[in-house]
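Protein chains: 2
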Amino acid sequence: MSSNRLIYLPLGGAGEIGMNCYVYGYGPADKERYIIVDLGVAFPDMDSTPGVDLIFADIAWIQARKDRLDGIFITHAHEDHIGAIGHLWSRLGAPIYARAFTAHLARLKFEEHGHDEMAINTVPPYPEMTQVGPFNVGFVPISHSIPESSGLVIDTDAGRLVHTGDFKIDETPGVGEAFDRKLWAKVAKPGVRALICDSTNVFSPEPGRSEASVGPEIEKLVASSKGMVVATTFASNIARVKTLAQAGQRAGRSIVLLGRSMRRMVTAGVEVGILKDFPKTISPEDAKALPRGNVMLLATGSQGERRAASAQLSRGKYLGMSLKEGDLFLFSSKTIPGNEKSVARIVNSYSEMGVDVVDDSSGHYHVSGHANRPDLAEMHKIIQPQFVIPMHGEHRHLREHAKLGESGGFKSVIAPNGTMIELSGNAPEVAEFVETGRTYLDGRVQIGAMDGVVRERIKMALNGHVVVTMIIEDGKPLGDAWCEIIGLPEVGRSRAPLVEVLEEDLTQFLMRANKKTLASDDKLNEGIRRIVRNSSKEEIGKKPEVTLVVSRLAG
Amino acid sequence: MSSNRLIYLPLGGAGEIGMNCYVYGYGPADKERYIIVDLGVAFPDMDSTPGVDLIFADIAWIQARKDRLDGIFITHAHEDHIGAIGHLWSRLGAPIYARAFTAHLARLKFEEHGHDEMAINTVPPYPEMTQVGPFNVGFVPISHSIPESSGLVIDTDAGRLVHTGDFKIDETPGVGEAFDRKLWAKVAKPGVRALICDSTNVFSPEPGRSEASVGPEIEKLVASSKGMVVATTFASNIARVKTLAQAGQRAGRSIVLLGRSMRRMVTAGVEVGILKDFPKTISPEDAKALPRGNVMLLATGSQGERRAASAQLSRGKYLGMSLKEGDLFLFSSKTIPGNEKSVARIVNSYSEMGVDVVDDSSGHYHVSGHANRPDLAEMHKIIQPQFVIPMHGEHRHLREHAKLGESGGFKSVIAPNGTMIELSGNAPEVAEFVETGRTYLDGRVQIGAMDGVVRERIKMALNGHVVVTMIIEDGKPLGDAWCEIIGLPEVGRSRAPLVEVLEEDLTQFLMRANKKTLASDDKLNEGIRRIVRNSSKEEIGKKPEVTLVVSRLAG
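As you go down the protein sequences, you meet chains W and V in turn.
Reading the first sequence from the start, the letters are residues 1 to 555 in this note's numbering.
Reading the second sequence from the start, the letters are residues 1 to 555 in this note's numbering.
Don't take every hint at face value.
Simulated coverage check for chain V against chain W, where a stretch passes if three residues somewhere in it have a Cβ under 8 Å from a Cβ of chain W [what the hints assert, rightly or not]: (1) 40 to 50; (2) 447 to 460; (3) 463 to 477; (4) 482 to 489; (5) 539 to 553.
Hint data in this document are derived by calculation from the structure and do not stem from the laboratory.
Computed from a predicted structure; not experimentally measured.
For each residue, glycine too, the CB sits at the ideal point set by N, CA and C.
Build the full structure now, drawing on both the sequences and the hints.
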């Protein structure tokens, strides 16, 4: 019995915001049984991942041990916690456990991927627990910005762990369960070995505000507006969507839901029974018959996503609706770092239309779903764990959270992705470093982040591309080499077309090339690449990527 | 005389932050004489301009009228106001006017480009004026975040204009001239037709703070630190650089300047005589011999630039210096929107080293160089212009600034790039819309933003690239078509190599192709492109870019 160990191993989320994926294990060393908590995605960007569709944690380590994987527990239905289940589940095969709202959305994903929905188990909240292998797991309701978010209680013979998932301390969250200090104190009572805790807002120094605080402000704003009102927020923030809709209703406006996920989330909320008294909505068609001052649109696209309703409206008509001078657009949201330019693009388009744009710079129209610094400290105090392990955050968040834990008297450990921590001893110890990484969903193919595919694309984007083709017949060049340029200026310093300059330099090279060079694809490639890159540098100041295609003919 | 008109035409800067370039004209319609105020750059990003080096305003309109261009006036030496002079001057040829510090840096640029430095004229500040053509122009000292920033007084027979350049209201700016309300009131006294005014900070609701407010806070921070201290800020913010250096000196630390522009700016300040009493600096070599607690580094790279000193230090050694646990890194700067990820990358690297990073989230260690909303309103009041024309800002800034002007009782006009405003009438009127745009410096070639070169690069980055080569002899395919893939997964849905799947599909296509198709490059191209894109979509879920090279042989 004493040879069993309890381990924590983040594969994603402990080194970034997003892509959450945490493994817990219990049993004899290297023969532990495992569970996964969350299987989320991160989103690509043009800088590092052009053309990529989604980013997942590399699950190779746990996949290699899937015969000992007893379950996958999803804390809540945000994409960075649930988004990968459809894509990765067939590599793991273990049953999925989630509460009703989360399970509902998980089933929609499984349906899209053609997976067996029987693998998804809806579980009731704590104090009910689910036993899988050596783990007894309870979903403890916790407040966040999506319904039925849960912290997990994970019991084994080695003691109790609390994994918060994403959370905030909100006693009046609008839709869904309030943060219940008494319940959490009860969870903590038997003693908690480690608190694995959300870190994303550790740098926000003020206590977080409640969802209930935004309602009255939004109502005032909507009521004071004479034209059409559009508001955007994350569709999954059903409490906010309801707050916005009620503000519209109270101002005598009919509500229109714009964007697929807006309709999908509201429908899910109603079907699962957690969304009650949602104002009646009308179609864009019907809205067109009403005076502008009697309409409020709730639109997707708070992050400036190009294809979402907000961006489409900013470019002109969307489903027959369009905005004009005197209308109001409200961002009831915050801009996630990296999305500033996309959001600014929308705001500037609305500005050109004469639409007034209101964002959250006043602090009135949005509250965060994550625990701020003082709230994290309070959570530590409520749980009174032996150790604090910060999760979900970049390294700077994890480090700052660990400092915060230590300053409150709790032994704290920074464990970035791949750090396997043994929790069963007197102090947490690094048991092992596991190789981790990222998997890209590229179209419909999963590729490794280090495969080089995306690196080739980035190089073409930065340097342009020259394609050289030539024919070699009986060991001799047949005619000249041809160049095609893609993504490069046509004319450089010498004022002659770049293609001609390159072809001439290649002709010179081929005339001088000996038999050995001509016979070897590698040697030819090396020589031609050097000529093209150097001549291009001379002409246009750039060294392009070069692809050579040699056709060898026997005469 | 009454047939003369006074015009304002922004070519850059009125629709973005950066790339400032404003034309003023006076004379008979379409025969005006012109001056340019500022000739700056904008910076590229991976999203919209991969591989581009710099972005300029498209100056085609003024270049076509350069025989009537009497001068180029540079308000201050920030790159977004001066950065294009070396690149664009030979297309314009007019004399450049600037104050000593700005002219000093302008000459360095001209030296790099091999231009005649005699074209750069150093002019004294207002009340001295420079007469060029029908314009009499004075440089009125104004506070900003670089020495010798100036607002311009532009007098013609049609009255006085005030062009603020970038500015803030700071009566204790550290280095350089304080904002002088009396002087500006004197400038305004004869009556000002239009105030063309910086808009970048119009959304900041609080009055701006003085440069003098950051010194004591930085001193406290540096004095309390035990390890090595590194601070970064824009090197051109010489006042801040001095503040930082003095804080170090008072804490008994020797100062090291790290990064080319840091040394260059301090040298320029000393040479021009505006930087006095700068603490003595030592070399990195000498610093290594000192205890860490006696050293302070001032490093370039506050925006996370990959090659700047701050980023290099975050990756390991730089000039023999390296950071470790217990050291302190201070961002005495704000992160420009779009640079969040680069800055976070550095912060996370330092976090991994155990270095404490302090940024300006507390509001103690940085102040903006731009006038906030109440300061803009004050400037309107001081100048009392007939019209306010917001410049330097995205559309949303211009619009908000115009609203602010109107709310203060000043007729205000939104004039984005290309809007020619006639200022000589009783009310400002749009005279014309001029086609404007952007020019990219790509390597050493200037290309138009709409040329399609960069679009091709973006498409390769998003979609990957398939190169198809084939030989046609006497109208018939000689062998099969070959494919090379660049930036695409090697294997897709069918588990066969993508290249093989594509080549097989192309073989089928070529077998079925009739003579007419084989004889026409266009038809072949169309058919092959379709096959490659559709088969790829099927296999890997992406439609790549396709380049076809056909070699036609006569047998």
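To see whether the hints hold, each was checked on the structure:
1. 40 to 50: With 4 residues close enough to chain W, the hint holds.
2. 447 to 460: With 8 residues close enough to chain W, the hint holds.
3. 463 to 477: Holds: 6 residues of the stretch 463 to 477 of chain V have a Cβ under 8 Å from chain W.
4. 482 to 489: The restraint on the stretch 482 to 489 of chain V holds, since 6 of its residues have a Cβ under 8 Å from chain W and three suffice.
5. 539 to 553: The restraint on the stretch 539 to 553 of chain V holds, since 8 of its residues have a Cβ under 8 Å from chain W and three suffice.
Comparing the model with each numbered hint stated earlier shows that all of them hold.
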